[in-house]
Amino acid sequence: MNILVYLIPVSLFLGGIGLVAFIYTVRSNQYDDPEGDSRRILSDEWDDRPKP
Amino acid sequence: MTVALHPPASACPACAVAPAALEVAGAQEAQPGEIVLSLPTIHCAACIAKVEGGLARHEGVNAVRVNLTLKRATIDAAPDVTASDMIEALAALGYEAHELDAGALSATATDRAGRDLLMRLAVAGFASMNVMLLSVAVWSGAEDATRDMFHWISAAIALPAIAFSGQPFFRNAWAALRAGRLNMDVPITLAILLAIGTSLWETALSGHHAYFDAALTLTFFLLAGRYLDHRTRAIARSAAEELTALEVPRAWLLEDGTEREVPVAQLRAGDLIVVRPGGRMPVDGEIEAGVSELDRALLTGETLPVFAGPGQAVSAGELNLTGPLTVRATAVGRDTSLHRMADLVAVAESGRANYTSLADKAAKLYAPGVHILSALAFLGWYLATFDMRTALNIAAAVLIITCPCALGLAVPAVTTAASGRLFRRGMLIKDGTALERLAEVDTVVFDKTGTLTTGTPVLMGLDQIDTREAGIALALAMGSAHPLSRAIVQAGQAAGIAPASVSEIEEVPGYGTRGIWQGQVVRLGRASWVGAVPLAVTASYLQVGECAPISLQFEDRLRDGAADTVAQFIARGFEVYLISGDSAPSVEAMAERLGITRWMAETLPADKAARVAALGEAGRRVLMVGDGLNDTAALAAAHVSISPASALDAARVASDMVLLGSDLGVLAEASTIAKSATRRIRENFRIATVYNLVAVPLAVAGLATPLIAALAMSSSSIIVSLNALRLRGGRG
Numbered sequence: 001m002n003i004l005v006y007l008i009p010v011s012l013f014l015g016g017i018g019l020v021a022f023i024y025t026v027r028s029n030q031y032d033d034p035e036g037d038s039r040r041i042l043s044d045e046w047d048d049r050p051k052p
Numbered sequence: 001m002t003v004a005l006h007p008p009a010s011a012c013p014a015c016a017v018a019p020a021a022l023e024v025a026g027a028q029e030a031q032p033g034e035i036v037l038s039l040p041t042i043h044c045a046a047c048i049a050k051v052e053g054g055l056a057r058h059e060g061v062n063a064v065r066v067n068l069t070l071k072r073a074t075i076d077a078a079p080d081v082t083a084s085d086m087i088e089a090l091a092a093l094g095y096e097a098h099e100l101d102a103g104a105l106s107a108t109a110t111d112r113a114g115r116d117l118l119m120r121l122a123v124a125g126f127a128s129m130n131v132m133l134l135s136v137a138v139w140s141g142a143e144d145a146t147r148d149m150f151h152w153i154s155a156a157i158a159l160p161a162i163a164f165s166g167q168p169f170f171r172n173a174w175a176a177l178r179a180g181r182l183n184m185d186v187p188i189t190l191a192i193l194l195a196i197g198t199s200l201w202e203t204a205l206s207g208h209h210a211y212f213d214a215a216l217t218l219t220f221f222l223l224a225g226r227y228l229d230h231r232t233r234a235i236a237r238s239a240a241e242e243l244t245a246l247e248v249p250r251a252w253l254l255e256d257g258t259e260r261e262v263p264v265a266q267l268r269a270g271d272l273i274v275v276r277p278g279g280r281m282p283v284d285g286e287i288e289a290g291v292s293e294l295d296r297a298l299l300t301g302e303t304l305p306v307f308a309g310p311g312q313a314v315s316a317g318e319l320n321l322t323g324p325l326t327v328r329a330t331a332v333g334r335d336t337s338l339h340r341m342a343d344l345v346a347v348a349e350s351g352r353a354n355y356t357s358l359a360d361k362a363a364k365l366y367a368p369g370v371h372i373l374s375a376l377a378f379l380g381w382y383l384a385t386f387d388m389r390t391a392l393n394i395a396a397a398v399l400i401i402t403c404p405c406a407l408g409l410a411v412p413a414v415t416t417a418a419s420g421r422l423f424r425r426g427m428l429i430k431d432g433t434a435l436e437r438l439a440e441v442d443t444v445v446f447d448k449t450g451t452l453t454t455g456t457p458v459l460m461g462l463d464q465i466d467t468r469e470a471g472i473a474l475a476l477a478m479g480s481a482h483p484l485s486r487a488i489v490q491a492g493q494a495a496g497i498a499p500a501s502v503s504e505i506e507e508v509p510g511y512g513t514r515g516i517w518q519g520q521v522v523r524l525g526r527a528s529w530v531g532a533v534p535l536a537v538t539a540s541y542l543q544v545g546e547c548a549p550i551s552l553q554f555e556d557r558l559r560d561g562a563a564d565t566v567a568q569f570i571a572r573g574f575e576v577y578l579i580s581g582d583s584a585p586s587v588e589a590m591a592e593r594l595g596i597t598r599w600m601a602e603t604l605p606a607d608k609a610a611r612v613a614a615l616g617e618a619g620r621r622v623l624m625v626g627d628g629l630n631d632t633a634a635l636a637a638a639h640v641s642i643s644p645a646s647a648l649d650a651a652r653v654a655s656d657m658v659l660l661g662s663d664l665g666v667l668a669e670a671s672t673i674a675k676s677a678t679r680r681i682r683e684n685f686r687i688a689t690v691y692n693l694v695a696v697p698l699a700v701a702g703l704a705t706p707l708i709a710a711l712a713m714s715s716s717s718i719i720v721s722l723n724a725l726r727l728r729g730g731r732g
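Here the protein sequences line up with chains A and R, keeping their order.
Note that our numbering has the first sequence beginning at 1, numbered continuously upward.
Note that our numbering has the second sequence beginning at 1, numbered continuously upward.
A few of these clues could be false.
[As the list claims (entries may be wrong)] Covered stretches of chain R, going by a simulated chain A footprint (3 or more residues, C-beta under 8 angstroms):
#1 35 to 48
#2 63 to 71
#3 115 to 127
[Unchecked claim] The calculated lysine to any residue pairs, modelled on SDA-like cross-linking and capped at a C-alpha distance of 20 angstroms, are:
#4 R/Lys-361 with R/Arg-679
#5 R/Lys-675 with R/Asp-360
#6 R/Lys-50 with A/Glu-35
#7 R/Lys-50 with A/Ile-41
#8 R/Lys-50 with A/Gly-15
#9 R/Lys-50 with A/Ser-38
#10 R/Lys-50 with A/Arg-39
#11 R/Lys-50 with A/Pro-34
#12 R/Lys-50 with A/Asp-37
#13 R/Lys-50 with A/Arg-40
#14 R/Lys-430 with R/Ala-234
#15 R/Lys-50 with A/Asp-33
#16 R/Lys-50 with A/Ser-43
#17 R/Lys-430 with R/Glu-669
#18 R/Lys-50 with A/Leu-42
Just so you know, the hints here were simulated from the structure itself, not pulled from any lab data.
As the structure is a prediction and not an experimental result, all values here were calculated from the model.
Think of the CB as a built atom: it goes at the ideal place given N, C-alpha and C, for glycine as much as any other residue.
Isolated chain A, as found in the complex (with noise of 0.2 angstroms):
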């Protein structure tokens, strides 16, 4: 059962990556635009920032 002691912290710790991936994903207002971000995908423009 040591193994435990490893994987608990484990999966805390990669459950909080994806809760502070989350978290800075609502701060950055990535969910403003769902409808539009959706198909934006489909645009063969380049978009906002990324620009080359």
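Since the structure of chain A is provided, determine the placement of chain R on it from the hints.
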């Protein structure tokens, strides 16, 4: 009529017509050079690319960003680029666009409450997944020290997570209890706290059952319901604000011979105000100088423009058509004649306030029932066993099992799906219970001018007019911006008629246009001016030299989808009425054209409202569709009401739903969607009831283990959500 001199802001058409009065103080200063446009017709990736690409090429534009969810474009541009440039550019691309007041919108730019809920939802989701992981280990057979350790770790995760995520429920429950009421949040809070409390106690005594996972999953599902609910409202609210922001509330004040642009809210009685052609009267007043024609369609439903000259009284909301007018204000803001409507609206609205939504009806049964049930379970077990721990555990299990996951999700999931679908079709639901009320409708009342018709005249019978005379009329019409002249130009050009060479064309504001053709004076204008006998229908009259004047007759253009919509409603067995303030012949013609057998003409605003109220008293559920100020009271009196986006602000405030596009075709579909949404809500309640009938006896009998609770709760929530999603069908 003496009641409600100062009704709530929502029921005050006068303040709605002059929104500046309310908003100037609160609105934040918009960023200079930022233009926000509403684009009701965009719907795909190609539209985004076309709008963004097209505007970016425009000179002075730095950046354009389209938000498809809100159907809006934000443009960052040099200060000399105006919104009307952008609207023209978009019109050239084939998109309808309206300017929005960026200042009025900035309040909703970042939706704090929604973000807050989302954050709590994320924390609850994260915690419940981790605790579930540990719980699965316990359920599959972890024993003794391992089980205790897992329970303690669960507690360490669950306690802070609940303390953070559960706050919306705790706050609502506390507010309700302090006011001495029960709402849905009271049993929810009790269930969460009791579950956490008994689980901690069990864990401390190294017991077998802990409900940490159930408490967290409960919070998660309920927050999901709350978030969906909030999102629906937020979209509706921001779109409604958008409509308010469409009207730019400014006036030109004449002071010491110079004109100055001021917010309407700053006008005082006695001020001299210049109203240009195309402008709307901001105040009640008397014309000091200038001659013109006034379009009173929004106030009275009349389609014929009215002559206006010095000394004549004007009312706020009338549209100036031809010549500039100088008006001395006699009443401003809340004192204008528009305000009289407030009485009617306030009286009419009280009738609708007693509608209880399906969810409220369910909650009223549910909240006391759950408390009594769990108290009885506690008492029964305590009296049977005199074991506090068992009794408390069972009471907690009953509360958790009955907790309104399905109930809390059933309604928001359905309304979100339904209003999302309607929003994509260009219809905005302002009121939470509007869908349910729309589903009950059996009678539809239409207004004519501006609702079934676009309010723009179309020239009729051009082919019966001599080409020579048509050419003269066309040439004269080209010299004026009057709506009837524009209609002549449009029809003439469409028919390929060449304008005659008329010289010295001049517009006589309020009367018409005149010019010289082959040495003869030619005139196009009002009947009295050219010496013709006025007809009952909208018409303009042409006189060539001293010949007898001929008439050019106009018809109001039907809105897209109007004929279809009316036909569909009639085919489905709805009673359809046409009630208008316009003259009898034109209303009758319209009714005949659309196949409506019940019509009323020349109705005053109070008559309209009374007629709608009478239908309501006769047991009919009335859907009122109208746009003018004269419809406002009727809109408020109806069971449910819809107004087009082009309607006067006051009418939109009084109605439950707003049509964003110009197509009326959505109406029939909306009624179908509302019906199926209400059916889904009832289905979901039935599913939740069946689930409770199965699960509650188990819980009361003390057979509900945390595993059973988790399974039952999750499966019922998922079933109602999936059932709600069936509504989404036909995306597009």
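Hints, one by one, checked against the model:
Only residues whose beta carbon comes within less than 8 angstroms of a beta carbon in chain A count, and the stretch 35 to 48 of chain R has 4; three or more means the coverage holds. Proximity of the stretch 63 to 71 of chain R to chain A, defined as three or more residues with a beta carbon under 8 angstroms from a beta carbon of that chain, is established by the 6 residues found. A stretch counts as covered by a chain when three or more of its residues have a beta carbon under 8 angstroms from one of that chain; for the stretch 115 to 127 of chain R and chain A the count is 6, and the coverage holds. This hinted pair checks out: R/Lys-361 and R/Arg-679 have alpha carbons roughly 15 angstroms apart, not beyond 20 angstroms.
For the proposed pair R/Lys-675 and R/Asp-360, the alpha carbon gap of about 19 angstroms is at most 20 angstroms, so the pair holds. For the proposed pair R/Lys-50 and A/Glu-35, the alpha carbon gap of about 16 angstroms is at most 20 angstroms, so the pair holds. Distance hint between R/Lys-50 and A/Ile-41 is fulfilled; the C-alpha atoms sit about 15 angstroms from each other, no more than 20 angstroms. A threshold of 20 angstroms between alpha carbons decides the hint, and for R/Lys-50 with A/Gly-15 the separation of about 41 angstroms lies outside it, so the pair is violated.
Taken as a hint, the R/Lys-50 and A/Ser-38 pair is honoured in the structure, with Cα atoms around 17 angstroms apart against an allowance of 20 angstroms. For the given pair, R/Lys-50 sits about 13 angstroms from A/Arg-39 by alpha-carbon distance, which is consistent with the 20 angstroms threshold. Restraint check for R/Lys-50 and A/Pro-34: the C-alpha separation of about 19 angstroms stays at or below 20 angstroms, so the hint holds. About 15 angstroms separates the Cα atoms of R/Lys-50 and A/Asp-37, which keeps this hinted pair within 20 angstroms; it holds.
Between R/Lys-50 and A/Arg-40, the direct Cα distance comes to roughly 12 angstroms. Compliance with the 20 angstroms bound is thereby established for this hinted pair. Restraint check: the Cα-Cα separation between R/Lys-430 and R/Ala-234 comes to about 10 angstroms, which is no more than 20 angstroms; the hinted pair holds. Distance check on the hinted pair: R/Lys-50 and A/Asp-33 sit about 18 angstroms apart at the alpha-carbon level, within 20 angstroms; holds. The straight-line distance between the Cα atoms of R/Lys-50 and A/Ser-43 is roughly 10 angstroms, inside the 20 angstroms bound, and the hint therefore holds.
For the suggested pair R/Lys-430 and R/Glu-669, the alpha carbons sit about 17 angstroms apart, so the restraint of at most 20 angstroms is met. For a cut-off of 20 angstroms, the pair hint linking R/Lys-50 to A/Leu-42 stands: about 13 angstroms separates their Cα positions.
Comparing the model with each numbered hint stated earlier shows that hint 8 is the single one that does not hold.
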